[in-house]
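Colleague: The residues making up each chain are set out below.
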Amino acid sequence: MTGSIPKPFDAKTGELAGCATAPIIRERGQHEVFCGLTSIIWLHRKLQDAFFLIVGSRTCAHLMQSAAGVMIFAEPRFGTAIMEDRDLAGLADMNDELDKVVDRLLRRRPDIRMLVLVGSCPSEVIKLDLERAAQRLSGIHTPDTRVIAYSGSGIETTFTQGEDNFLTALVEQMPKEAADAPQSLIVAGALADVVEDQFMRLFAEMGIENVSFLPMRRSDELPNVGPNTKVILAQPYLGATAKMLEKRGAEILSAPFPLGEQGTTAWLKAAADAFGISAELFEKVTAKGRERAKAAVAAYHDTLGGKRLFFFPDSQLEPSLARFLYREAGCAILEVGTPFLHRIHSAPELVQLSESTVISEGQDVDIQLDRCRAGKPDLVVCGMGLGNPLEGEGQSTKWSIELVFSPIQGYEQAGDLAELFARPLRRREKLSVSLPSDDTRRAEIFTHEGAA
Amino acid sequence: MQLTMWTYEGPTHVGAMRIAASMNKLHYVLHAPQGDTYADLLFTMIERNAKRPPVTYTTFQARDLGADTAEIFKDACRNAVNRFQPQAVLVGASCTAELLQDDPSGLSKTLGLNIPAIPLDLPSYSRKENWAAAETFYQIARGFAGARKDEDFSERPQNLCNIIGPSSLGFRNRDDVTEIVRLLEGMGVDVNVVAPLGAEPSDIARLPDAAFNICLYPEVGDTTARYLEKTFGQKTIRTVPIGVGATKEFIREVADLAGVDAAPALESNQDRFSWYSRSIDSNYLTNKRVFIFGDATHAVAAARICSEELGFEVCGLGTYSREFARDIRVAAKKYGVEPLISDDHLEIEDAIIAAQPELVLGTQMERHVAKRLGLPCAVISAPVHVQDFPARYSPQMGFEGANVIFDSWVHPLMMGLEEHLLGMFREDFEFSDGATPSHLAADGGHSPSSAVNDDKPADERLKAAELEALSVVEIDETGTLRWTVDAEKELRKIPFFVRGKARRNTETYALDQGANPITLETLYDAKAHFGR
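Just so you know, the protein sequences line up as chains F and H, in that order.
For the first sequence, our numbering assigns the number 1 to the initial residue and increments by one for each residue that follows.
For the second sequence, our numbering assigns the number 1001 to the initial residue and increments by one for each residue that follows.
Simulated from the structure, these hints should not be mistaken for lab results.
A few of these clues could be false.
Unchecked claim - Derived coverage of chain F by chain H (criterion: at least 3 residues anywhere in the stretch with Cβ under 8 Å from a Cβ of chain H; other residues may be distant): (1) 33 to 41; (2) 79 to 93; (3) 100 to 114; (4) 149 to 156; (5) 237 to 250; (6) 314 to 321.
Quick reminder that beta carbons are idealized off the backbone N, C-alpha and C, glycines included.
Can you build the whole structure from these sequences, using the hints too?
Modeller: Printed below as a string of structure tokens:
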């Protein structure tokens, strides 16, 4: 029950409790993380009539196709306007060039209703003003296509922060709600459609009306915002979005994130309380889902119970995932690495972690790898660049990117979430094949066996 | 500014990373923002390496820009040298850092490192991955071998050679090297150094000790081979031993330079390709239309094999390597096709559709295009994919490479015989004309793609292209060229893989003869006229 969870944050005094105040390792070395552009991979699928145009370099284009395995798409709804020598040397006017690219793109894809210009490291460094470009292009292409801009550059954002910046840009565009508008709820943070539908049903059963999701599925479904709007964050990485929503008059509800039975219950409860839903009705609506979630996670206790986990920074979901694994699956968490820690938004998660858990923000990857090896965890949650090298050292790993691309939120996905962590452990037990015995042999396999 | 949905080559610093990741005891310190670390996954995921590539990124952020990004570079460089203890470091910048103009090369000089630092100047906004890989390898060779340019090399053993060009993320490079080293050793030719794959900087310093160089991959090795030729008088073997004929030429050239007998290698019975191609059941391969696209080296080699060794007809040939466009132009002329020099994958898809091939040989991108069009295909070239690093031994070079090629190019077609039988029984009630050939993916030719120019799925466009010749050919005053119902029915009895050709031939013939509509008679007159 939620009653057993410590109160994380006193809104009146602004004080944080428990582990939320524990010292945090902050590192400024090599960050082995994706940049914010990468969030386009799920954003473009969510918004089916939007096209994301990165204004950047060949590196940006290459990142997107490498991270997304884009070849599976005939023609994805994202692309890169690659800046070239003549653009940078001032031989070509960058804005004219961009207009030409956009023109060509929209002629080719007349189905696009929202064009999103996405700033990159190089476009930020040369201070190309994409917001102004978006206004100019909107003037040309409205009403067929609305044009907005945000930055997904690696010098300002890691991975999921790209979504934060995108949603912030959307919030700026939201219509102002009428003064007498009824109370409404915005669920902010991209969720899988199936998860949205489940939450929508639960809210409806509780009698909460006027619920909308951000990002929306179609560009013309932008919700209204104002003082009668309450917002619950479905993802932990939305610092800037929350700030902008507050600026536009909305109230942000504080809750753990909807991972696992406890997280989902506490999250739904925060919304229910804000809308004055009775405890009885809440119990009635959530009872079945909670039972199913508990039973589904219980099936993994044998595999996950007592296992020691180490999180490398990736999506900012790490504190929430660690809380789920610690509170509901019986795991011990050695370190929770996160690229950025929003003290207020993550406080409800941090207070629920064990005091022995190390929290680290930012990264110095070689030093963190040293800490990881010294801790000898049973499972390491890390990005794609580190997975095989750690497996090569005999370490079980879980790709963190799967936790962003899979539906893991809500009651019905609690078991799937546990499964994602259990699978590498069960696989390790199942396999009788072992790694080549020493580094030299392995090196031969992975290079060539020939001369020298 | 260029609109790009997908690209054949990565940025220049990825080219440099491929060289660093190929070698041992060499480290690359890259001035770059944090997102650029994505490139690690090319090596750990696609190539399935169990080691991280030897690259340290400075991962500077916006807040560092006002302060001192140069200091961040110096710290990263110093720490990397201490931690990894390489014999040398490469220093350079990615596209964003290039704009900062921090001068990694100058900075590395101020550090007082006790190992050589090789500066890389790889213009990100005008060059691409392969050029940069070649340039990086050349800079390493200049740095380490160049120091020996005044030595006397007159005593070099005639049978000692280097293998130049194989690299990380190259198409089947690992197995090619094994195959070629085995071949050379069997001939009594000694291999001094293989580089960059598997070499360390101290090995590069030994390059001048060999009598000659074998450049297996010009895209990566040619610049260095030319440098070694000029500086140390080492001759270069440039014949790339892909295919039976090229392998034999390669053996003769090597034997000639090394002063050994070519006969034992030429007469070894490792070549099964030749017999398989001569055998009776390969008859049906004759004049199969094949579309070829890839890096220049693999594309040119594939065209020769297809034309001379498998008896196919080359109906399209192209490359994304502009640096080697000339080689493709020469080859295209030989096979009577228009050379396609482009890195726009949509343009290449259109060319494939227009050429109506029966087999596509290309990169992973052409594999996807072929899959959508329901065409058999095989991958012959980088850019690579995790599938291009098979667990089994599967070289492309030498005799075993030719054997591997026979299997991998012909097997997608092999079921064509089955398809032929299916065609014979098409009128039987058990069979339906719409059935997807069993050797093609279950969804082959049916997956929707809102993709391309005219917004029609690619398979529909293929059909449309097939039909185009039929229904839109204008003749004089009479308007459109038509087919009678009987003739159209008869045409459908022809197996799908030759139907397009039969249609085109018949219509060409009908136009020549002024026959409209096309009747059963016209169809068979045309068949007799063109033969097959």
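Colleague: Could you run down the list of hints and mark each one as holding or not?
Modeller: So, going through the hints one by one against the coordinates:
no., hint, result
1, 33 to 41, "holds (count 6)"
2, 79 to 93, "holds (count 10)"
3, 100 to 114, "holds (count 6)"
4, 149 to 156, "holds (count 4)"
5, 237 to 250, "violated (count 0)"
6, 314 to 321, "violated (count 0)"
Consistency note: the structure conflicts with the earlier hints numbered 5 and 6.
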